[in-house]
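**Student:** Sequence:
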Amino acid sequence: MKDELDILKEVGSIAAGHGGVALSEILDKKVILEVPSVEIISAQRVPKSMNLEKLGIAVFFQLLVGLQGKVIFILDEKNAFKLVDLSYKIRDLKREPGIITEVSLSLIKEVGNIVVCSYLNALSLTLKRIIIPSLPTLFSGSLEDILSIGFFDYEEEFAYVIEASFKEPEEDIQGSFYLILTPEAAKNIRESCKKLLEEINKIPSS
Numbered sequence: 001m002k003d004e005l006d007i008l009k010e011v012g013s014i015a016a017g018h019g020g021v022a023l024s025e026i027l028d029k030k031v032i033l034e035v036p037s038v039e040i041i042s043a044q045r046v047p048k049s050m051n052l053e054k055l056g057i058a059v060f061f062q063l064l065v066g067l068q069g070k071v072i073f074i075l076d077e078k079n080a081f082k083l084v085d086l087s088y089k090i091r092d093l094k095r096e097p098g099i100i101t102e103v104s105l106s107l108i109k110e111v112g113n114i115v116v117c118s119y120l121n122a123l124s125l126t127l128k129r130i131i132i133p134s135l136p137t138l139f140s141g142s143l144e145d146i147l148s149i150g151f152f153d154y155e156e157e158f159a160y161v162i163e164a165s166f167k168e169p170e171e172d173i174q175g176s177f178y179l180i181l182t183p184e185a186a187k188n189i190r191e192s193c194k195k196l197l198e199e200i201n202k203i204p205s206s
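Just so we're aligned, residue 1 is where the sequence shown starts under the numbering used here, counting upward by one.
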């Protein structure tokens, strides 16, 4: 299990490099994307790990090819506003307090798309299989509502909880995304990671 998590965290490091470049381009400012932790938990445990009373914005993806499951990228209300404020500040625009516009929602969707697709692309290369997500869908509400939709009919599934942090000189924005897999898909990842480790161990040390 530890080796599997190490591989998935390394995938996160690869994804962070590509995702950081893409985020810097859309925000027109240097942004460092970090994926500091990866954890595997059952779908039933996910609600216990979050403050469900918080409001948030989520970007949903269904996995269409390569793995069975879905991905949810979540920003709580505080971090969503920080991301939007950063974008407005860079463009020298003013935002009305407490209001997220259609432009702001579009930005959040684009950021979620970059973070998730960067990770899935890196995972695809690591597992040597094509992984294709659906187009992103936005949803806002309490974290309880977001998770109930995300984990609907997924009570026996496994969730890879992946933290994501975007940093620029003046802001530190925290988000997370959940790679929610069917038992079969989770088994496929474990077997692929095991095979990859076996291949690595066959390489003679210098």
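Hint data in this document are derived by calculation from the structure and do not stem from the laboratory. Glycine included, each C-beta is placed from N, C-alpha and C at the ideal position. Careful: at least some of the hints might be erroneous.
Label-pair restraints from in silico Cβ distances [to be verified]:
hint: 1; residue 1: 198; residue 2: 77; range: 43 to 49 Å
hint: 2; residue 1: 183; residue 2: 148; range: 17 to 23 Å
hint: 3; residue 1: 85; residue 2: 13; range: 25 to 31 Å
Derived lysine-lysine pairs resembling DSSO-like cross-links, with alpha carbons at most 30 Å apart [to be verified]:
hint: 4; residue 1: 9; residue 2: 78
hint: 5; residue 1: 167; residue 2: 194
hint: 6; residue 1: 167; residue 2: 195
hint: 7; residue 1: 187; residue 2: 167
hint: 8; residue 1: 128; residue 2: 82
hint: 9; residue 1: 167; residue 2: 109
hint: 10; residue 1: 109; residue 2: 128
hint: 11; residue 1: 109; residue 2: 194
hint: 12; residue 1: 194; residue 2: 128
hint: 13; residue 1: 29; residue 2: 167
hint: 14; residue 1: 202; residue 2: 9
**Student:** Which numbered hints turn out to be false for this structure?
**Tutor:** Going through the list in order, the structure violates hints 5, 6, 7, 8 and 11 and respects the others.
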